[in-house]
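Modelling step: build the complete structure from the supplied sequences, incorporating the hints.
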Amino acid sequence: MNKVLISVLGNDQPGILATVATVINQRQGNIENLSQTLLHTVFGALLLVDIPKQETPESLQQALQEASASMGLNITVHPWHEQIADWHQNKPETQPYIISAIGPDRQGLVAEVASQLFKHGVNISNLQAIFKGGKNPMENVMVFEIDVPRATNMDELREALAEIAKRLDLEISVQHRKIFESVSTILT
Numbered sequence: 001m002n003k004v005l006i007s008v009l010g011n012d013q014p015g016i017l018a019t020v021a022t023v024i025n026q027r028q029g030n031i032e033n034l035s036q037t038l039l040h041t042v043f044g045a046l047l048l049v050d051i052p053k054q055e056t057p058e059s060l061q062q063a064l065q066e067a068s069a070s071m072g073l074n075i076t077v078h079p080w081h082e083q084i085a086d087w088h089q090n091k092p093e094t095q096p097y098i099i100s101a102i103g104p105d106r107q108g109l110v111a112e113v114a115s116q117l118f119k120h121g122v123n124i125s126n127l128q129a130i131f132k133g134g135k136n137p138m139e140n141v142m143v144f145e146i147d148v149p150r151a152t153n154m155d156e157l158r159e160a161l162a163e164i165a166k167r168l169d170l171e172i173s174v175q176h177r178k179i180f181e182s183v184s185t186i187l188t
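Residue numbering for the sequence shown follows the UniProt record's numbering, beginning at 1 and increasing consecutively.
Possibly wrong hints are sitting among the right ones.
When the alpha-carbon atoms are kept at most 30 Å apart in a straight line, the in silico DSSO-like pairs for lysine-lysine are as follows [to be verified]: (1) 166 <-> 132; (2) 166 <-> 178; (3) 91 <-> 3; (4) 119 <-> 166; (5) 119 <-> 132; (6) 119 <-> 91; (7) 53 <-> 178; (8) 119 <-> 178; (9) 53 <-> 3.
FRET-style restraints, in silico, Cβ to Cβ [to be verified]: (10) 53 <-> 167: 51 to 61 Å; (11) 3 <-> 167: 37 to 47 Å; (12) 78 <-> 178: 33 to 43 Å; (13) 5 <-> 40: 22 to 32 Å; (14) 158 <-> 18: 38 to 48 Å; (15) 21 <-> 173: 36 to 46 Å; (16) 40 <-> 67: 17 to 27 Å; (17) 28 <-> 7: 17 to 27 Å; (18) 153 <-> 25: 47 to 57 Å; (19) 27 <-> 91: 28 to 38 Å; (20) 93 <-> 33: 22 to 32 Å.
Calculated directly from the structure, the hints in this document are not laboratory data. In this text, a Cβ means the ideal position worked out from N, Cα and C, and glycines have one as well.
Structure representation (structure tokens):
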């Protein structure tokens, strides 16, 4: 089997995953991993797929594009030869945290927080950000799921994020994932 990475982008509508998954199945491919999201009305998905040796990324891409032609999707199939990054090869022991940031929309919010996390050796495993603009803080929210190395000084990380919060008029919360999930469960 050959591994390919498939990206699917387009206007959200019913049937996108059904169409893509059906074509993959018909061509004896196997979806190993899938991540799908909506950004406002834009659908986006990444699929890691095993395809038979006789299948090529180009022929699979053509089949996917033909099957989804009426949907107006942008589908790309790339050969995937996994190369594990140094960080993953020598991954430190980490703890899962959740950072939420709420406040007025302005240019550079994601860059500010992400850069500070990088300076502290923190890996972002998932990020959801909704920016509707304006000053209403509840319309501008970022939620980072992060892996924090145990060696990271959490007081220093919190101080650095507090400085960003003060400068950019944000409310930033840093919680261990277990605490975040427990509070969320209690509130629902």
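Handout entry: Hint numbers not upheld by this structure, sorted from lowest to highest
Key = 7
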